[in-house]
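> Sequence:
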Amino acid sequence: MLPLQNMDELMDLDLDLPAVSGSGDAVSSKRVFAACHACTCNPLRKPHYPSNWKPENCAFTSQHASPEVAQATGADISTGLGKLNSGLLVINPSKAIFDQIVTKMNEAVLDYQFPDQDLLADVFKGRWVALPYIYNALKTMREPAVHGAIWRDDKVKNVHYILSPKPWDELGPDGTWKGDKPIHKWWIDAYKSMRAEEKTLGVS
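Quick note on the UniProt record's numbering: the sequence shown kicks off at 1 and runs consecutively.
Among the hints, erroneous ones may be present.
[To be verified] Only pairs whose alpha carbons sit at most 27 Å apart, straight line, appear in this in silico DSSO-like list of lysine-lysine: (1) Lys-54 to Lys-181; (2) Lys-181 to Lys-155; (3) Lys-166 to Lys-125; (4) Lys-125 to Lys-104; (5) Lys-181 to Lys-139; (6) Lys-178 to Lys-30; (7) Lys-178 to Lys-192; (8) Lys-125 to Lys-95; (9) Lys-30 to Lys-46; (10) Lys-185 to Lys-139; (11) Lys-178 to Lys-166; (12) Lys-54 to Lys-125; (13) Lys-139 to Lys-155; (14) Lys-178 to Lys-46; (15) Lys-155 to Lys-54; (16) Lys-166 to Lys-192; (17) Lys-178 to Lys-157; (18) Lys-125 to Lys-139; (19) Lys-155 to Lys-185; (20) Lys-54 to Lys-139; (21) Lys-139 to Lys-178; (22) Lys-157 to Lys-104; (23) Lys-139 to Lys-157; (24) Lys-157 to Lys-30.
[Claimed, not checked] Just the calculated beta-carbon pair ranges, DEER-fashion: (25) Ser-51 to Ile-101: 35 to 41 Å; (26) Thr-103 to Asn-6: 34 to 40 Å; (27) Gln-5 to Asp-169: 32 to 38 Å.
Simulated from the structure, these hints should not be mistaken for laboratory data. Quick caveat: nothing in here was measured; it's all calculated off a predicted structure. Note that CB positions come from ideal geometry on N, CA and C, so glycine has one too.
Produce the entire structure from the sequences given, and follow the hints as far as they go.
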């Protein structure tokens, strides 16, 4: 992850109180937690990904015609495959919710491709809040052929470096960056800036 802008507003997000969400009542509890949609385009054509992970089934594709809206509003949680990415979650800690998750995990017949986020999307189907992509901006989305239609560099608040290669793996022993993607350079620049600041503070 690379936070680029302040995200304190997420702490004021209107979510269900634990007493409500923990009841398991899908009628009264519709806002258990908040997350961004998963990108189900499979742009790298990973052969082990589900066959229905295609651009036409991606929630972000539905926003291509309204990029300005996409900066502030997530697509409805039923859009596309209704999947979420668990890289960033906004939650109200709840023992009851924890117990519901553990109970589901103990089912012997579970077969999730992406266990953590698939389980959450399953257990709390129709009961989570979709955040705009800017809070968990998956690096592959920046590509013009993926979701470049909605991506705005100046709006993104948090980059999620999914999949390989990772920018930190592109640093040589001497600190030289060996990558070529601009979005990876963002992380490299932030890292080097942090290291320089640590040096001035006497942190090794």
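> For each hint, tell me whether it holds in the structure or not.
Going through the hints against the structure:
Restraint check: the Cα-Cα separation between Lys-54 and Lys-181 comes to about 24 Å, which is no more than 27 Å; the hinted pair holds. With a C-alpha separation of about 19 Å, the suggested pairing of Lys-181 with Lys-155 holds against the 27 Å cut-off. Between Lys-166 and Lys-125, the direct Cα distance comes to roughly 31 Å. Violation of the 27 Å bound is thereby established for this hinted pair. The suggested pairing of Lys-125 with Lys-104 holds, with an alpha-carbon distance near 13 Å, which does not exceed 27 Å.
A C-alpha spacing of about 10 Å is found between Lys-181 and Lys-139, which places the hinted pair at or below 27 Å, so the restraint holds. A distance of roughly 46 Å separates the Cα atoms of Lys-178 and Lys-30; the hinted pair therefore is violated under the 27 Å criterion. The suggested pairing of Lys-178 with Lys-192 holds, with an alpha-carbon distance near 14 Å, which does not exceed 27 Å. The suggested pairing of Lys-125 with Lys-95 holds, with an alpha-carbon distance near 19 Å, which does not exceed 27 Å.
Restraint check for Lys-30 and Lys-46: the C-alpha separation of about 33 Å exceeds 27 Å, so the hint is violated. Between the alpha carbons of Lys-185 and Lys-139 the distance comes to roughly 12 Å, so the proposed pair stays at or under 27 Å and holds. Using a Cα cut-off of 27 Å, the hinted pair Lys-178 and Lys-166 holds, with the two alpha carbons roughly 11 Å apart. Using a Cα cut-off of 27 Å, the hinted pair Lys-54 and Lys-125 holds, with the two alpha carbons roughly 21 Å apart.
For the suggested pair Lys-139 and Lys-155, the alpha carbons sit about 14 Å apart, so the restraint of at most 27 Å is met. For the proposed pair Lys-178 and Lys-46, the alpha carbon gap of about 24 Å is at most 27 Å, so the pair holds. Between the alpha carbons of Lys-155 and Lys-54 the distance comes to roughly 25 Å, so the proposed pair stays at or under 27 Å and holds. Between Lys-166 and Lys-192 the CA atoms are separated by roughly 16 Å; this keeps the pair inside 27 Å, and the hint holds.
Annotation: proposed proximity of Lys-178 to Lys-157 holds, straight-line Cα distance about 25 Å (limit 27 Å). A distance of roughly 26 Å separates the Cα atoms of Lys-125 and Lys-139; the hinted pair therefore holds under the 27 Å criterion. With a C-alpha separation of about 17 Å, the suggested pairing of Lys-155 with Lys-185 holds against the 27 Å cut-off. Only pairs whose Cα atoms come within 27 Å are accepted, and Lys-54 paired with Lys-139 is accepted, the gap being roughly 17 Å.
At most 27 Å may separate the alpha-carbon atoms for a hinted pair to count; Lys-139 and Lys-178 meet this at roughly 18 Å. Restraint check for Lys-157 and Lys-104: the C-alpha separation of about 33 Å exceeds 27 Å, so the hint is violated. Among the hinted pairs, Lys-139 with Lys-157 is consistent with the structure: their alpha-carbon atoms are about 12 Å apart, no more than 27 Å. Simply put, Lys-157 and Lys-30 have alpha-carbon atoms about 25 Å apart, close enough for the 27 Å limit, and the pair holds.
Checking the proposed 35 to 41 Å range against Ser-51 and Ile-101 shows it is violated: the Cβ atoms sit about 27 Å from each other. Distance hint check: the CB atoms of Thr-103 and Asn-6 are about 37 Å apart, consistent with the given range 34 to 40 Å. Taken as a hint, the range 32 to 38 Å is violated for the pair Gln-5 and Asp-169, whose Cβ atoms sit roughly 25 Å apart.
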